[in-house]
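Protein chains: 2
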Amino acid sequence: VPRTVLVIGGGPAGSGAARGAKDADTAAAVTVLAPGGAAPDDPADERQRTARESLIASGVEFRGATQIAIDLDRRIVRADGAELRFDALVITDSNPDPATALPGSDLPGVLAEVPADSTGPEPPADGAGPRAVVVGATPRGLAAAVRLAAAGVDTTLVDPEPEPLADLVDPDVLAPVLEQLAAAGVRLRPATTVTGFLGTDGRLSAVSTSAGELPAELAVVATTPSGDPVDVPGIERGPTGRIAVDDRQRTSITGVYAAGPASEPVPGALRTASHEFAQGRAAGATAAGGDRRYHAAHVPWSASAGAAVLGGAGYGETAAAALGLRYVLGRAEGISRARYYPGVQKVLVKLLAEPGTLRLIGAQLRGAGEGVTERATFLAQAVRLGLTLHDLSTMENVYSPAIGALNEPIVVAATNGLADLAAAQQT
Amino acid sequence: VPRTVLVIGGGPAGSGAARGAKDADTAAAVTVLAPGGAAPDDPADERQRTARESLIASGVEFRGATQIAIDLDRRIVRADGAELRFDALVITDSNPDPATALPGSDLPGVLAEVPADSTGPEPPADGAGPRAVVVGATPRGLAAAVRLAAAGVDTTLVDPEPEPLADLVDPDVLAPVLEQLAAAGVRLRPATTVTGFLGTDGRLSAVSTSAGELPAELAVVATTPSGDPVDVPGIERGPTGRIAVDDRQRTSITGVYAAGPASEPVPGALRTASHEFAQGRAAGATAAGGDRRYHAAHVPWSASAGAAVLGGAGYGETAAAALGLRYVLGRAEGISRARYYPGVQKVLVKLLAEPGTLRLIGAQLRGAGEGVTERATFLAQAVRLGLTLHDLSTMENVYSPAIGALNEPIVVAATNGLADLAAAQQT
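Same order as they appear, the protein sequences are chains A and B. The numbering used here puts the first residue of the first sequence at 7, with every later residue one more than the last. The numbering used here puts the first residue of the second sequence at 7, with every later residue one more than the last.
Just chain A, with the same shape it has in the complex (with noise of 0.2 Å):
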């Protein structure tokens, strides 16, 4: 008998539930609750839109809820009053929407995303320049950022880190992301804490934050969701706070399964929208009757920063001395097609791999677009089945410059590693 799967929250991690429970049973009953229901949360968000629609055309039944409430004595759900009946519970997020988590995040001018077609916020009455701030420089707030200041919009950018993306992103793979967020005018914040969002006449005027308010017609919330679970009595819960699950996203509860905000962070891992929907689908499959593993490692992630592409799996550098990891580094910087050629672009290729085995352990990206993600997806493979520097180091080139490097950056970059690491133990 199919079983029915009900899913809480429609981000990434949400979408991944679906997707996981209709790829193991393409039969299962899989319903989604969502503030909103089938419509995205933002129609700018082209993420949640495309997940949608896909799962939506694989049966998969989207509804708008805002109280929910969880019964697991009857093995329903209250949701707006409806009841709904489960065999099995994914819970990802409550509330998928963290603006709605500070003071005046209702007002109007306070958004997830830039729309797709916006020229920047109505300017102020009192003659100044349309000014924006984006909270939270996240690969999806900065490409937020970019946006705003290319449509002329007077944008500051605002993070509580002392280093943005310094969890995912090395600094020498960000900085000429950074160089170029600067050179398009925006005003980085970092080190700096959003308190809540003011009003005038109904609208946005000023966002407050710990350094103090910055006047705006327009505020971004482009943080990840900070993780407001419903209430399920008697589940486990992790050091933070949320609920601990295992590396089938199962909770302390028979039938009851967790991913994305509402789980227990794994010390270490990465959390992209790309992890979350990869952790939503091990729960969805397994709610579902399958077997799928989340492995943080295994994920391949990649995000779109104005000019830049970046990507990557597994430890960056920074990520790897933050836990006290040792490893040999292989780096290039190589191009994707010949350099004369029309559409050539820079591509670089960071590798760590465990001493002594020198099985990649991470990898990262920066590049323009061509060839970026697809070499993310394959060096999260190279992660997930143990290949090794040599390994990566011996891949065969494809010989047309015209479409590919003839020297793959990646085997590069591995070649590079071992090349150091001999001449390291030669001396």
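Heads up, a few of these hints could be off.
Derived contacts from chain A toward chain B, CB cut-off under 8 Å, selection only [stated by the list, open to error]:
no.	residue
1	Thr-56
2	Ser-280
3	Gly-377
4	Thr-400
Worth flagging that the hints you see were computed from the coordinates, not collected in a lab. Even glycine gets a Cβ: it sits at the ideal position worked out from N, Cα and C.
Starting from the structure of chain A, add chain B where the hints point.
Quick look at chain B alone, frame taken from chain A:
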């Protein structure tokens, strides 16, 4: 003591041999003997130009040589009067321009490639439009024909095979490319052999073929070299008369290696420029004291043909059928990013796996540029590593439709293959 490695032939296999020798020992003294020396055979050949620039930067010497004789006892090669000593000799070809093998191939108007800045040949004096014949429906020939037709030249593409490129590309993968060719105004003449070139007033005026004369002011010879190696006394030869080699490209004579058109082809194995480069690389690496094997199935290939980019690794359906190999097929037509996002492109993926083990034995790809080469590189590794359809169907995704497909077409193809197999086993 670093070895002196001499490479005969400046085609892809010769470039690969020089690359392989420098890979194995950066101190090796590597010289490539090729007609034209360091200059590519044709200024429009981007592959050769890129490879030679890169090799010269690594310290490889190129020497022009048209008359070559090998003295194995003294371990020297006589090239146009000079005597060059070698420790290891790699023979890839003595005659990299197949056009010179046909009568009249020295006529002005007979070229190996369309010049990059070409606006087509001069129109004839009789008032007709300019006409070109492209010899060989190879990837390079298809690209040349599309380029000429786009420049307004009346273009005929002549190929000896009844089905062009059938060894390399499956009919369903190639079909849209042939449709594009026809739509661009290129006339395809399959099952037709070129026998020579005819001149009027010292310039090309027609191409002589098995199906009669074709008037033309330009002929582009895009066939792969036929293999006419220099004479090596006492060397063992294979069934087709070319030099017999093992998988490290060693011949029956110690210190002498062969690759590319000079070496005996493995029945059923692909032979693109990518394969010749890889084969040369194994020969050069072994010649310089390293150890690199050549496996045709582990080499990715990719070729642009008009608006399409084709690629793959290992066996396609036609090649597998010709060898009597059984296979499980997984096929998917996906998109390179979210369908409403600018720049979205269709991607076709076909995966062939061994029945039972479901290990990948080959892949075919068609796209419009984005990520075909990178996917081919990855799938060649998947063949090399023996990845199964299960491995490929459980790969994680990048969740960022603006820069990558939410459902990676390789994953969808593998999943489709498994679903078809499950359905077939139930009936």
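*Okay, which hints does this one fail, numbers in order?*
Structure breaks no hint.
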